[in-house]
Amino acid sequence: MTLLSLVLILLALVTFVGGQLILKRAMESTVMHGLRQPRFIALLGCGIFLMTISFFLTLGLLQRFDLSYLYPFQGLSVIIISVMAAVMLKEKLTLQLIIGALLITAGIVLVSLS
Amino acid sequence: MRDRPSGFANPWLQLTLSVVCVFVSELLLKRGASDTANPAQAWSWTGVTGLASPLVWLGIIFVIISFISWLYVLRYIPLTIAFPLSRVVDILVPLGCWFFLGEAISARRWWGIALVIIGLAVTAKPVARLEERL
Numbered sequence: 001m002t003l004l005s006l007v008l009i010l011l012a013l014v015t016f017v018g019g020q021l022i023l024k025r026a027m028e029s030t031v032m033h034g035l036r037q038p039r040f041i042a043l044l045g046c047g048i049f050l051m052t053i054s055f056f057l058t059l060g061l062l063q064r065f066d067l068s069y070l071y072p073f074q075g076l077s078v079i080i081i082s083v084m085a086a087v088m089l090k091e092k093l094t095l096q097l098i099i100g101a102l103l104i105t106a107g108i109v110l111v112s113l114s
Numbered sequence: 001m002r003d004r005p006s007g008f009a010n011p012w013l014q015l016t017l018s019v020v021c022v023f024v025s026e027l028l029l030k031r032g033a034s035d036t037a038n039p040a041q042a043w044s045w046t047g048v049t050g051l052a053s054p055l056v057w058l059g060i061i062f063v064i065i066s067f068i069s070w071l072y073v074l075r076y077i078p079l080t081i082a083f084p085l086s087r088v089v090d091i092l093v094p095l096g097c098w099f100f101l102g103e104a105i106s107a108r109r110w111w112g113i114a115l116v117i118i119g120l121a122v123t124a125k126p127v128a129r130l131e132e133r134l
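If you read the protein sequences in the order shown, they are chains A and B. According to the numbering used here, the first sequence is numbered sequentially starting from 1. According to the numbering used here, the second sequence is numbered sequentially starting from 1.
Hints were generated in silico from the structure; no laboratory data involved. Possibly wrong hints are sitting among the right ones.
What the hints assert, rightly or not - Partial pick of chain A residues on the chain B-facing surface, computed with a CB cut under 7 Å: (1) G19; (2) L59; (3) V111.
Where a beta carbon is used, it is the ideal one built from N, C-alpha and C, also for glycine.
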């Protein structure tokens with residue numbers, strides 16, 4: 001793996017996590033204020049933009065590596081998103097949820113290694 | 001978690017729909033990306049060269065459907081619960097290959113699948129308790 005592919009993998013991960021957090025915030029804003037509000041549209045646009053970048057980076061990576069090789073990084077997104085949702089969105093992160101996320105991450109890494 | 005609609009609008013049903021669509025799209029995208037793989041081509045690192053494959057376009061349709069149900073899920077379920085549960089798709093692929101295609105699964109991979117299932121159960125348990133009370 002070259003330095004460029006590592007950077008691309010990390011960039012795909014960061015844009016994916018950022019996109020998910022922004023989309024969650026966008027959808028939360030619809031509960032109180034509905035769909036026709038500038039804040040929702042701006043957040044949705046921003047989230048879709050980040051997810052699109054992540055999508056095409058992943059597609060490019062899939063042309064070079066096996067899906068199984070890229071899996072561990074998808075696994076990492078579980079624990080990263082859980083922690084970031086707790087920090088940035090103030091979601092409740094219980095010990096049980098942390099253990100669950102860690103087990104899923106470890107499992108995905110094991111599945112991809114074999 | 002707030003009051004949730006039932007039937008097709010049930011967020012848990014939508015989460016399942018989203019996961020199934022991601023599962024199908026991943027297989028389509030991998031197949032399509034491999035068919036069109038040509039690292040020598042300019043811009044290939046961006047992945048846009050994959051658009052030459054109809055399978056990639058079909059995969060994109062499944063991505064869009066899963067994305068819409070996922071947005072709906074986000075409206076009702078916290079990310080700390082919904083996202084880990086959505087990763088069930090990561091064990092559906094090897095299990096699907098084993099079940100439908102008869103591919104072998106190594107002992108290590110079985111351990112990984114077991115860990116993911118335990119992790120999903122641990123994550124889903126507080127949800128199940130919450131649902132019972134509603």
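Enumerated hints in conflict with the structure, sorted upward:
1
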